[in-house]
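Going down the list, the protein sequences come from chains C and U. Using the numbering used here, read the first sequence as starting at 173 and increasing by one per residue. Using the numbering used here, read the second sequence as starting at 173 and increasing by one per residue.
One or more of the hints may lead you astray.
One copy or two, either will do: identical chains are not told apart, so a pair holds if it fits within one copy or between any two.
Unchecked claim - Mimicking EDC-like on lysine to aspartate or glutamate, the simulated pairs with C-alpha atoms at most 16 Å apart in a straight line are:
hint, residue 1, residue 2
1, 209, 254
2, 210, 234
3, 174, 322
4, 223, 279
No lab work stands behind these hints: they were computed from the structure. Here the structure is a predicted model, which means the values were calculated and not measured.
There are 2 protein chains.
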Amino acid sequence: MKAEHINPFLSSVASTFHTMLGTEVRRGPMSLRDPAKKSYPISGVIGLTGKAVGTVVINLSEEVALKAASALLMDDIRVINDDVLDAVGELANVIAGQAKAELEQYELSVSLPNVVTGDNHRVRFPSSSSPVCVPFETDLGPLQLEVGFETEV
Amino acid sequence: MKAEHINPFLSSVASTFHTMLGTEVRRGPMSLRDPAKKSYPISGVIGLTGKAVGTVVINLSEEVALKAASALLMDDIRVINDDVLDAVGELANVIAGQAKAELEQYELSVSLPNVVTGDNHRVRFPSSSSPVCVPFETDLGPLQLEVGFETEV
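Use the sequences and the hints to build the structure in full.
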């Protein structure tokens with residue numbers, strides 16, 4: 173994956189958290205995604221199709237999901253419920269949607285967000301993609317973004 | 173979701189297992205997907221986008237995944253490895269691709285398959301979809317297919 177393909181997702185995370193949650197994010201170092209590394213227990217997963225096909229995952233802890241959903245819904249939510257998972261899906265959706273607009277040459281469409289939960293779950297990218305992982309620190313806590321496109325991109 | 177939208181996926185499961193794995197499937201009763209019900213530990217997840225957006229999940233046990241991958245790769249695979257997970261993704265891909273061809277009026281594109289693993293993982297469909305679940309018995313063991321489209325379909 174080239175920087176010009178990942179950068180729109182990085183700026184989209186920043187602008188989404190700023191606009192929707194009123195919080196800033198600090199980006200950590202990008203790395204190739206290590207499938208053996210433990211993930212946070214909640215993943216919002218979005219597929220991208222068009223002249224390129226790929227996947228975007230926003231991976232976060234229960235604490236960050238609760239705080240993000242509470243901010244989005246202007247409520248104090250203490251347990252992971254459908255509203256929280258919908259909020260995670262919506263965050264993934266907005267992040268993918270904004271990045272897509274900057275990658276218009278690929279005429280990408282965005283799939284429905286799926287939200288995967290489970291302490292030991294892993295979302296596996298196809299072998300044909302070379303997914304990268306970018307950690308973020310936010311005022312809500314840490315999270316990570318994972319993006320992979322098929323290699324022909 | 174209407175029967176005309178789910179039926180192409182059901183026939184696609186049967187033809188995919190027949191053609192790719194040389195085995196027949198027996199369909200169980202369709203039901204609304206119960207998010208509280210425990211799933212099998214491996215899910216191949218495909219997003220569909222176009223004039224409709226939806227998600228297809230093929231959910232199976234490690235045993236079925238190993239047998240399916242062994243049949244596909246003409247090898248005797250005993251542990252869940254990348255080849256097995258790729259095979260599950262490929263099965264999901266072929267099932268979604270065949271069904272898509274029968275739903276041409278929606279001009280669907282198929283996302284990359286994601287394969288989610290983890291004993292207690294759950295793939296959550298968005299609240300706006302009404303996913304259905306269909307169990308299948310196969311010579312390799314049981315599995316289930318889950319399909320959801322946004323309600324405007």
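Do the hints match the structure? See the list:
no., hint, result
1, 209 x 254, "between (27 Å within a copy, 15 Å between copies)"
2, 210 x 234, "within (14 Å within a copy, 20 Å between copies)"
3, 174 x 322, "within (11 Å within a copy, 33 Å between copies)"
4, 223 x 279, "both (6 Å within a copy, 15 Å between copies)"
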